[in-house]
Structures are given as C-alpha cells and as structure tokens.
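Chemist: In case you want the letters, here they are:
Number of protein chains: 2
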Amino acid sequence: MHFTSEQRLDDGVLEREFTLGEIPGILWTPAPAPAPAPASAPAPLILISPPPLGLRKVYPRLAGRARYYAAEYGFAAATIELPGSGDRPRWAAAEQARADLRRVMEAGEPVGDEIIDALILPLVEKAVPEWQAALDALLALPEIGGPVGYEGGVISIGIRLAVVEPRIVAAGFFAGSLVPAAMFEEARQVTIPLHVLLQWDDEGNDRQAALDLFDAFGTQQKTLHANMGGHTGVPQFELDAGARFFARHLK
Amino acid sequence: MHFTSEQRLDDGVLEREFTLGEIPGILWTPAPAPAPAPASAPAPLILISPPPLGLRKVYPRLAGRARYYAAEYGFAAATIELPGSGDRPRWAAAEQARADLRRVMEAGEPVGDEIIDALILPLVEKAVPEWQAALDALLALPEIGGPVGYEGGVISIGIRLAVVEPRIVAAGFFAGSLVPAAMFEEARQVTIPLHVLLQWDDEGNDRQAALDLFDAFGTQQKTLHANMGGHTGVPQFELDAGARFFARHLK
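Chains A and B supply the protein sequences, listed in that same order.
First residue of the first sequence: 1, per this note's numbering; consecutive thereafter.
First residue of the second sequence: 1, per this note's numbering; consecutive thereafter.
No lab work stands behind these hints: they were computed from the structure.
Any given hint might turn out to be false.
What the hints assert, rightly or not - Beta-carbon label-pair distances, calculated as ranges:
#1 Val104/B <-> Glu95/A: 38 to 44 Å
#2 Gly112/B <-> Asp113/A: 52 to 58 Å
#3 Asp212/B <-> Arg16/A: 46 to 52 Å
#4 Asp212/B <-> Ala99/A: 49 to 55 Å
#5 Pro42/B <-> Gly86/A: 53 to 59 Å
#6 Asp113/A <-> Glu125/B: 51 to 57 Å
For glycine and all other residues, C-beta sits at the position ideal for the given N, C-alpha and C.
Using the sequences provided together with the hints, build the complete structure.
Modeler: And the structure:
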C-alpha cells in the first residue's frame, strides 16, 4: 500500500489517496485529538464500497459520507476502485453483460437471470479478495484498529464479504434487486447485524425483490429503513442514522 | 383540566396526573433550565396514545418513552385514557366486537371486515374529539407550546387525527393490520411527515397489510423502520430514532 497524496481537509479529516498494487483507493482518518488530550486510540474502520461508476465520478458522495463518519464519529473510512470501473481494465464478458443490461432496460423488458449472473458473479469473485487485501493493509496502519464495518456499493459483493470475512462485524446495504439467485442463497448465511436502506419507488430496483432479499438475510439483527422517492433520493437524515448503527456495533 | 397529583422524578422530569372531565391522563414536562440560564421556552408537545389496555397497565412503557423525550430532547409528553379502556365505561358493541375478535383469533380464522369495523370505527369516533380537547387544554398551559407530534396507540385514531387536526405536524405510527378499509382510504389523505415502525414477524399483524398501509399514506415524507421479532420486540434503539424524527419536525 503506497500513499500517493495527502491533504488535511477543513474539518480536520486527513484524506490520503493510495494504491494497493494496481488498485487506487482513498483513506479518510479523523483529526488527531488536540495536544493536551492523550494520543487517539486506533479508530474503528468503515469500508465504503463505491457503485461501479468509477471513484472519480462518485467521489463527492463517498467523501461526504467518509468525512461525516470521521469528523462526527471518529471512524476511519476507506474505499477502493472496483474491478472494471474507473481506469481499471475491463473484461469482455462484463462489457457484454453491461450492454445486454442496457438493451433490455431500454426496451423495458425484464432483466433475465443470465444477464444478472454474468454481470454480478464475476465481479463478486474478483472484488472480494481485493477488499480483503485492502483490509489487511488498512488494519496494519497504527491509526486504524478493528472492528470493521462495511457499507454501500454492489450489494452482492457486500453479501459475500459479510459471509466470508470475519473481521467485518456490521454492514449497511442499499437494497437492490439485481441480485443473482446464488447470492440470494448466500444472504441466508449472513449473521452479522445489518442496516438496509430501501427507496420505495426506486426506478432501477424492484420493490418486492428488495423486500424478499431483506427477508432472506439470516441475521436476526437487521433493520430496514424505507423512504420515498427514487434511487438517488435517500434523505439526508439517513446518513446519521447509518452512522449511529455503526456506532452501536463498532465501539 | 385538573391536576390530581404531581411528582418530580429523579431525571428532573415533572410527572403530573390530571383529569379532563371524566378522562384520566398524565403529563410529563422537562426539568426547568438551571437558575443562571434564561427561563425555558415553551416545550414542543408529543401526544403518546396508549394501546387500548388501560393506562395503569401500560404506564411503564409510556412513562419510559415520555421521560426520555422530556429528559433528552426537552419535549413535553402527554397521554389520556382511551374510551372503554382502564376504568372508563365500556359500551356493549365494543365488548361484543372484542369477544368476536378473541373468538376468531383463538380459532385461527381470518378476522373479517365486520369485526374490524365494529371494533375500530366507533373507537375512532369517540377518541378523536377527546384527543383534540386534551390538545386544547395542554396547549393552554404556559410551559407547553406547539408544534405537536403524535405517536402510538391504535393506528386508526392516529390516521384520523393526522387528517383532521392541523396542530399535529408529525406522527409516529406502529404499523398494524386491524385497520378498517375506510381508514385505509383516509390514510391517503395524510400529508404530514410519518415515522412508521413495523415488526417483521408480528404475531398479531399481517406483514403485507402493514406494508400496504405504509404504501397508502399520502405523504411523501414517510419512513418505514422494520425490525425483526414479534409485536413487543421493538429494539431499544428505535426510541432514540423516533425522538430524532420528532426533533427534525418539532423544533
């Protein structure tokens, strides 16, 4: 892990860009406690997974969340670019699946299982070991301790991580419906506390499929927050509600 | 409105029992600001409607919520006994409807519309003017100002109040399914912000009916918080989530 840039932001949060092999990422850490106070304890970490649109494009959204967590709750937060997003190399099968998805959605046709599987399953296979490698590197920094929370991004990546990565003790998901049947089955194996957001009139996600996925999660500590409006209309107050969820489980 | 008892509780909250005509009630108000501070401004008010089990029986639950609102958020909170509950006179048709409900639920039969209508509609007709009279009396006290929130109790009473009482600017409901079809229609006329709790495995409420009711509310500012477990299993952290909802709309 190599830091490539560093800036202290006006809320005191330190933002550092890094690379992990070929993968770019960003780390936000809270301002150190003022001089007379004892040195800050290692901060709990929240992994903020981006949507597959490229870090540069989603930077404002991600940085807004990360800085809030760091400045208001003393959490560290980090993200890395997903495989095939931003400047990272694409692969032919994913490009084909994306083109197929666009085609059927523009035609108003239902999205078939083959398209969802082709789009999501290879992405999960590639992304999960990368997030685990990032976790290794981040937890090796003296200013970051456990426990670890995970949120956002492609929900199937989060489901797999919640099942296979014991260092993640709580997760916040945005309920989506482009979830392969196989991942739906994995959801039953999730036993960590979950905080799930649902947009009631999400133009890109089927409401009943999202409710079915919430129902499928194996954990008994799961809460659904449903709000009105479309995919990008999550109310501002949900940022703090999510932070409080993590504060209950990471402190 | 006559106060019949008064005690200062150990969190500084003042608890006063009162009668409004024949109706018993309880008012909780926050501790006054300590001496050097300016006199406290009139507190916003939250009406906490009880379930129809009698105030004496549900006192611990209600007082716990009211004292939290008063001590942590500076809200006043008040409740009154529902018609036909506690020591208040019953009426024959309601007793018959309750007996019918018990019978079909014990037999595991579906609860028919006639039973729900007979149980709920007269209760709404009787209760709503009483809550409005209580609101008149409470808002006449110098220590209480607007705006007013409403929460809890029989959801149909809350729906009617949210539609007809303009002084109520936000409401917290516990999603139930024993809702007359007529009240379902009134739900479409609710335009104030709503905070709705749903217990996912509620033994006394049908999940789909509760989701349909949430969907029916006319307001665009509505949030559903669904948690696992049965009717009485609402997690402790939802108390503060509800308080924050009221803080956004009553301050």
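Chemist: Each of the hints needs a verdict: does it hold here or not?
Modeler: Cross-check of the supplied hints:
Judged by the Cβ atoms, the range 38 to 44 Å given for Val104/B and Glu95/A is violated: they are separated by roughly 59 Å. Separated by about 41 Å at the C-beta atoms, Gly112/B and Asp113/A break the suggested range of 52 to 58 Å. With their beta carbons about 49 Å apart, Asp212/B and Arg16/A fall inside the hinted range of 46 to 52 Å. Between Asp212/B and Ala99/A the CB atoms are about 38 Å apart, so this pair departs from the stated range of 49 to 55 Å.
The given range of 53 to 59 Å is respected by Pro42/B and Gly86/A, whose C-beta atoms sit roughly 54 Å from each other. Checked against the given bound of 51 to 57 Å, the beta carbons of Asp113/A and Glu125/B, roughly 52 Å apart, stay inside it.
Hints 1, 2 and 4 from the earlier list are contradicted by this structure; the remaining hints agree with it.
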